[in-house]
Every structure is written in structure tokens, then in C-alpha cells.
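From first to last, the protein sequence lines stand for chains A and B. Each residue of the first sequence is one higher than the one before, starting from 135 at the first, in the working numbering. Each residue of the second sequence is one higher than the one before, starting from 82 at the first, in the working numbering.
No lab work stands behind these hints, which were simulated from the structure alone. C-beta atoms are modelled at their ideal positions from N, C-alpha and C, and glycine is treated no differently. Check the hints yourself; a few may be wrong.
What the hints assert, rightly or not - Capping the alpha-carbon separation at 25 Å, the derived lysine to any residue pairs in SDA-like fashion look like this:
1. B:Lys83 / B:Lys99
2. B:Lys160 / A:Leu385
3. B:Lys85 / B:Thr174
4. B:Lys152 / A:Phe353
5. B:Lys160 / A:Leu351
6. B:Lys160 / A:Met356
7. B:Lys142 / B:Ile176
8. B:Lys152 / B:Pro221
9. B:Lys99 / A:Ile376
10. B:Lys160 / A:Phe353
As the list claims (entries may be wrong) - Chain A side only, calculated, beta carbon under 7 Å to chain B, not exhaustive:
11. Ser170
12. Lys357
13. Leu361
14. Leu364
15. Gly365
16. Asn371
17. Ala379
18. Arg413
19. Ser418
20. Ser419
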Amino acid sequence: MKQRRYPLLFITIGASIVVFFLMNLTIGTIAIPPSSVWNILWGIGDEAPVWQNIIWKSRFPQTLTALFAGAGLSISGLQMQTLFRNPLAGPAELGISSGASLGVALIILLSGSVGGVALSKAGFYGELSISIAAIIGAMAVMFVIILIAQRVKGNVVLLIMGVMIGYIATAIIGVLKFFSNDEDVRAYVIWGLGSFSKVSGDQVYTFAILMTALIPLSFFLMKSLNLMLLGENYARNLGLNIRRARLLTILSACILTAIVTAYCGPIIFLGLAVPHLCRTIFQSSDHRVLMPASTMVGASLALFCNLIARMPGFEGALPINSVTALIGAPIVIFVLLNKRKNELNE
Amino acid sequence: MKKKTITVEDLSIGYITKRSRKIVAEHIQADIFSGELTCLLGSNGIGKSTLLRTLSAFQPKLAGSIHLLGKEISEYSEKELARLVSVVLTEKTSILNMTAYELISLGRSPYTDFWGTLAEDDRAIIDRIISLIKIENLAPRMVNTLSDGERQKVMISKALVQEAPIILLDEPTAFLDFPSKVEIMQLLHRLSREVNKTIFLSTHDLELALQIADKIWLIDKDTRLHIGTPEDLALSGVLSNFFAQKGIIFDMETGLFRVANRFNREIRVTGHGRKYAMVRKALLRNEILASRNAETPSYIDVGDLHSPILIGQNGQETRVSTIEELLDRIEDFL
Numbered sequence: 135m136k137q138r139r140y141p142l143l144f145i146t147i148g149a150s151i152v153v154f155f156l157m158n159l160t161i162g163t164i165a166i167p168p169s170s171v172w173n174i175l176w177g178i179g180d181e182a183p184v185w186q187n188i189i190w191k192s193r194f195p196q197t198l199t200a201l202f203a204g205a206g207l208s209i210s211g212l213q214m215q216t217l218f219r220n221p222l223a224g225p226a227e228l229g230i231s232s233g234a235s236l237g238v239a240l241i242i243l244l245s246g247s248v249g250g251v252a253l254s255k256a257g258f259y260g261e262l263s264i265s266i267a268a269i270i271g272a273m274a275v276m277f278v279i280i281l282i283a284q285r286v287k288g289n290v291v292l293l294i295m296g297v298m299i300g301y302i303a304t305a306i307i308g309v310l311k312f313f314s315n316d317e318d319v320r321a322y323v324i325w326g327l328g329s330f331s332k333v334s335g336d337q338v339y340t341f342a343i344l345m346t347a348l349i350p351l352s353f354f355l356m357k358s359l360n361l362m363l364l365g366e367n368y369a370r371n372l373g374l375n376i377r378r379a380r381l382l383t384i385l386s387a388c389i390l391t392a393i394v395t396a397y398c399g400p401i402i403f404l405g406l407a408v409p410h411l412c413r414t415i416f417q418s419s420d421h422r423v424l425m426p427a428s429t430m431v432g433a434s435l436a437l438f439c440n441l442i443a444r445m446p447g448f449e450g451a452l453p454i455n456s457v458t459a460l461i462g463a464p465i466v467i468f469v470l471l472n473k474r475k476n477e478l479n480e
Numbered sequence: 082m083k084k085k086t087i088t089v090e091d092l093s094i095g096y097i098t099k100r101s102r103k104i105v106a107e108h109i110q111a112d113i114f115s116g117e118l119t120c121l122l123g124s125n126g127i128g129k130s131t132l133l134r135t136l137s138a139f140q141p142k143l144a145g146s147i148h149l150l151g152k153e154i155s156e157y158s159e160k161e162l163a164r165l166v167s168v169v170l171t172e173k174t175s176i177l178n179m180t181a182y183e184l185i186s187l188g189r190s191p192y193t194d195f196w197g198t199l200a201e202d203d204r205a206i207i208d209r210i211i212s213l214i215k216i217e218n219l220a221p222r223m224v225n226t227l228s229d230g231e232r233q234k235v236m237i238s239k240a241l242v243q244e245a246p247i248i249l250l251d252e253p254t255a256f257l258d259f260p261s262k263v264e265i266m267q268l269l270h271r272l273s274r275e276v277n278k279t280i281f282l283s284t285h286d287l288e289l290a291l292q293i294a295d296k297i298w299l300i301d302k303d304t305r306l307h308i309g310t311p312e313d314l315a316l317s318g319v320l321s322n323f324f325a326q327k328g329i330i331f332d333m334e335t336g337l338f339r340v341a342n343r344f345n346r347e348i349r350v351t352g353h354g355r356k357y358a359m360v361r362k363a364l365l366r367n368e369i370l371a372s373r374n375a376e377t378p379s380y381i382d383v384g385d386l387h388s389p390i391l392i393g394q395n396g397q398e399t400r401v402s403t404i405e406e407l408l409d410r411i412e413d414f415l
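Work out the full structure, taking the sequences as your base and the hints as a guide.
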């Protein structure tokens, strides 16, 4: 009975992705009629070059970024929540986002005060080096986390370690900010607000290809994640190599978060809220359902948030993180309250 | 059919940390048989869980050997062990949005493909176990809505669909109400007979274990292990020695334990049958020993089942209709 609802739900979510995608291309300060958007996308007809430019140089890359970033962060959040058996775990909780932030802070702030180069004004190479710094920062934290994961047994300890590493990173960033000039601090703060429009030009295709390759790879962990739901001992008794499964899950979640953060800055709440939303919509804990569901709902929700952020009148004014928080936080609250109600009904 | 499935030789169990080795018990020598229900008894902290964890390969042994079906435990791979030993643990896993059926089906994981898809015969096995445990009504329910007893049956079903010849259970009757305890123990006993499993469990429910278990493993205060049928252990005095402490008496006649009542007074009670036993029990609880041959001035005649109870002393007599009334009046006659 329940099984039969799944295809319908997936079709609905799929349709919402298409609709939000097209709306993202259509709506903005300059309204482009849907028919023209369609023509531009398929390269037919003679649409105004200005419109073509807006679509191909600005809106299409931004929309594509939102789509993949949403999917990647949601998968990462789902993996973390299952691994740590903690509903409040998310991509930020292991300190990965903080690691990326630290990398970016180091390069933006140090290049200014030590090297005398304003990276924020260095154009393409500036952007590229920021992305690389973010990935290096995230990977460094990930490396530390994996080292710790091999030493400690409990996942709670690991989670607390992640949070602590996050604090340390934030503290170092605070010190760096203090010694930097205002312009660099501003550049860093803007990066920290997160944005789907930072990825420019061909970089977006690199991002899209990376994510298209990595997201399906993370699906290979479905069976392991299902077993982890039972707790470590039961999982081990059912033949799961718990150490390897834990490492692979951390690796997968970290890489997804690191890449998204490198391209978009730290995007909050999507990774936390989407898995909860999926469990509620699909009434399931089965990762064979939740993984594809989180990918799709994550993409859809990110597109929706992006749409809100660039509604006419808001353009450029609303940082994406405000929108994701405004939409994500109520979702988490709703799900947790709902869960409490279920527990009371026991 | 009884077959030796687990052979333990000179086993030491405990924990190894960087600095030290903490030995919980050593020189354990024992066999566990299929088609039998074996209960592990012992006080808290004596090492019951450590032994179970070692037998299920969750933690390494410190010395000695454990042979499962003739092969050393450490030579099995994780995948092989999953098909050999299944466990039911004390930890209460809180899983939301999962039906009992889905939880049970995870027990098929060692046999399913890369994605964990259930094949036709996996489903057949799950259905067979569900009807064996008689939980058809629980299968579609969400796990978090089950009672502790129901949840335990689901976890036992999970262990059974794993199709391992050996099932280890860590205190499967803890947190259950009394009827559920009995039900679970009887279920496990039935399983050991019907599907010829080797069932080994730790428990604190002495009474039940002594009545239902085929074999008892008892770890005493000096971490010595005594093994035998409950009856043999009773006759050899191991049981009474072990529980020889204030407040518990091992009743040789029933082979069970009862609470020791101290008494400071005696009374002669005549009568027989159930009513006599009940009157005696009630008096004992009130620190009065009742016996047929006590030479006391006061006496009680319990009469037969429907007649009143007579209390008397020095020619004074009174009749009461319930034991409660008897207890209210007894002080006047002592």
C-alpha cells in the first residue's frame, strides 16, 4: 500500500524540479517570457542577444549550481544523520564547512595583509584560488576527522570532535579577521554568506560534472547505511565492516560538502532539513528510497530557495543563506514536533 | 538432535587497553550444544556481557580458543560470522519510520545483493519466520510503536531470518513484564527444539531460567564457571551456595528460590491442602512460623476450603472467614 505511493511522489518531486528550474530562468529583474527561454535553451528562433546572454551567462549557471549544490548537501546531510544516529547532524557538524571557511579566510585575509594582494579583486584566478583553498581547508579537516574516526569508537565522541574542530577554525578565523584590512574582511564575509551565483563561466560545468559523478557514487553506500540504522553492534553482526563503512561514509559526505562549499560558500540548513523532510514525506528510513529522494528534494528545495532569493525586487539583496534558513528551520521544527507527537502516541 | 556447536577452551576474557589488560574471567572450559537453551547467570558486573561479546566476536578474547562448528572464531570472516552467529542485544535501538517487517528483513543482509534487494526466497524465509513467531499482526507496524515485549519478538525474528545456527541473546527478558518474560523464554525454548538452534542467553530472571533452561552457566563470586542442568546444580549445592545470602533461600523440594522470611514466633496450625499452604505463607510473611507439630498454647485450624478458620488459645476461640481477617486477629491470640 505504502510502496505504491513512491512512484507518484517521485514523479511529483521530479516535476517540481523541472518547474522550478524553468522558473529560475524566467523570473528575475528582467522578465524573459517562458517561450523565449524555451527557444534560447534549444537554440531555436531569434531571441535578443541580451536575453541569450542573461540566460547563458547568468541564470543558467546559477540554476545549475543551485540544483547540484542542493542535491549534494542533502545527500551529505542524510549520510551524516544516519552515521551519527543524530537528527541534528548535518554537513556543518563535522567541522567540514568550518574547515572550508578557514581555508578561504586564510587565503583571502593573509594574501591581503601579508602578500599585499587583494584576492577579492583578482577576478578569475581569485575565484579559482578561493575554491581551491576551500577544498584544501575542508579536506584538511576531513583528514583529521578520519584519523580520529580510526582511533575512537563511539560516534558521539566523533561528532563532538567535529564540533570542537569547528570552534577552533572559527576562532582562528576571528583572529585573522582582527589583523586584516576591512576590504578583505568584507570579501570574506560576502563569501561566507553563500551564493549560487559565484560559480561563473565554464567552472559551473566542472562543478556539474563533478557532482554528477560523485552523487551516484554515494548511492553505493545504501545498504551499509540501512544496516547502520540498527546501531553498530547489530550492523557488525550482520556482516558489515563497520570501520570501512564509517570511513567511506565520512569520505563521501565530506567530499560532497567540500566541493559544494568551495563553489558556493557555506550553505546552511539544506543538508539538515532535506533528509528530515524526505523521511516525513516518504514515511521511510530505507536509504534505497531516501538517497534518491534526498537528491531530488534537495535539488528542488535549493531551486526554490534560489527562486525566492532572486524574486524581482530582492535581486542581489537576499543572501541565499537567509532564505535556506527561513525555509529550512521551520521544516526542522515541524518535523521534530511531529516526531514528538508520534512518540507520545506510542 | 544434540550437537556440540561451540567449544570453549581455556578462554580468558576481558579488555585490553593501551596500558593494561583487564581480565574479567579466565580458564573458561565449556561446550554449548545445539537443540538446547543455555542460560548464563551471575551477578551484575561479573562478566556476563563480556563473555557474550567475546562469543559473538564483538571483542577479542585475551587467550584460549573458541571453536564455532569446529573452526576457530578468529578464522571466520565478518561475512561468514554473519551467517553463523546472530545476536539480540540489550540496547534499545530507536528507529523511526521503519516497519517491523523492514527491520526483520535487514536480517537477510548477509544474503542479499549489493543494494540489499530482497529476492523471492528471502521473502519466503521472512514470512516463514514471522508465522513461526506468530507476529503477523506486528509486521506492518512501525517499530517505534511496539511495546518492549513485541519489539523483543521482532528482534528475535530478525536473528532467526539471519539463519545462523547459533543465537546469542544479551538479557532478552530485561525490561519486560512478567507474562512477556515467560512468553519470550518459552518461545526461545521452543525454538531450540523446533529449529534445532543453539541458543545462549544471559539473564537475571533466576526463577524462569531454572524452570526453562536446559543448561545453566553460573558465574560465581570468584568468577568460577559452573555448568550443568538446573537440577544437577541444585543437587550439587552450587545454586544454594551461590545464592546463600541474606533474604534468599534455595528450596530443595521445588528446585527454586524463594524469599527467606525470618520468624520470631511459632504457632501450631492444623489442616491440609491449598488453604493450609496459604495460611502458612501469610503467617510466615508476618514473621510467624506455622507448623503442625509446634507445641504452643495458641493454635489455628484452617478447616476445609469452605469452612471458616478457627483461632484459639486457652479455651478461647474465634472464627474468621478470610486470611486477611485472620491476620488482623492473630495478635490477640499470641
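Checklist line | Interface hint for Asn371 (chain A), Cβ within 7 Å of any Cβ on chain B | finding: At about 5 Å, which falls below the 7 Å cut-off, the nearest Cβ of chain B leaves the hint on Asn371 (chain A) intact, so it holds.
Check: Against chain B, with CB atoms and a cut of 7 Å, does the hint on Ser170 (chain A) hold up?
Finding: violated, 43 Å
Checklist line | Restraint status (C-alpha distance of Lys152 (chain B) to Phe353 (chain A) at most 25 Å) | finding: violated, 36 Å
Check: Against chain B, with CB atoms and a cut of 7 Å, does the hint on Ser419 (chain A) hold up?
Finding: Where the cut-off is 7 Å and the nearest Cβ of chain B is about 4 Å from Ser419 (chain A), the hint holds.
Item checked: Agreement of hint Ser418 (chain A) with chain B interface, Cβ distance less than 7 Å -> holds, 5 Å
Next item on the list: So, Arg413 (chain A) near chain B? Judge it on the closest CB pair being under 7 Å.
Entry: Cβ of Arg413 (chain A) sits 5 Å from chain B, so the hint holds.
Notebook entry, point to check: Regarding the hint that Ala379 (chain A) lies at the interface with chain B, is the smallest CB-CB distance below 7 Å?
Noted result: This interface hint is violated because 11 Å lies over the 7 Å limit.
Notebook entry, point to check: Would the stated hint for Leu364 (chain A) survive a check requiring a Cβ distance to chain B of less than 7 Å?
Noted result: holds, 6 Å
Next item on the list: So, Lys357 (chain A) near chain B? Judge it on the closest CB pair being under 7 Å.
Entry: With a closest approach of 4 Å, the Lys357 (chain A) hint holds.
Checklist line | Restraint check for Lys85 (chain B) with Thr174 (chain B), where alpha carbons must lie at most 25 Å apart | finding: Judged against 25 Å, a Cα distance of about 32 Å means the pair is violated.
Check: Taking 25 Å as the top limit, are the C-alpha atoms of Lys99 (chain B) and Ile376 (chain A) close enough?
Finding: holds, 22 Å
Check: Regarding the pair Lys152 (chain B) and Pro221 (chain B), is the alpha-carbon distance no greater than 25 Å?
Finding: violated, 39 Å
Violation of the numbered hints given earlier is confined to hints 1, 3, 4, 7, 8, 11 and 17; the remaining hints are satisfied by the structure.
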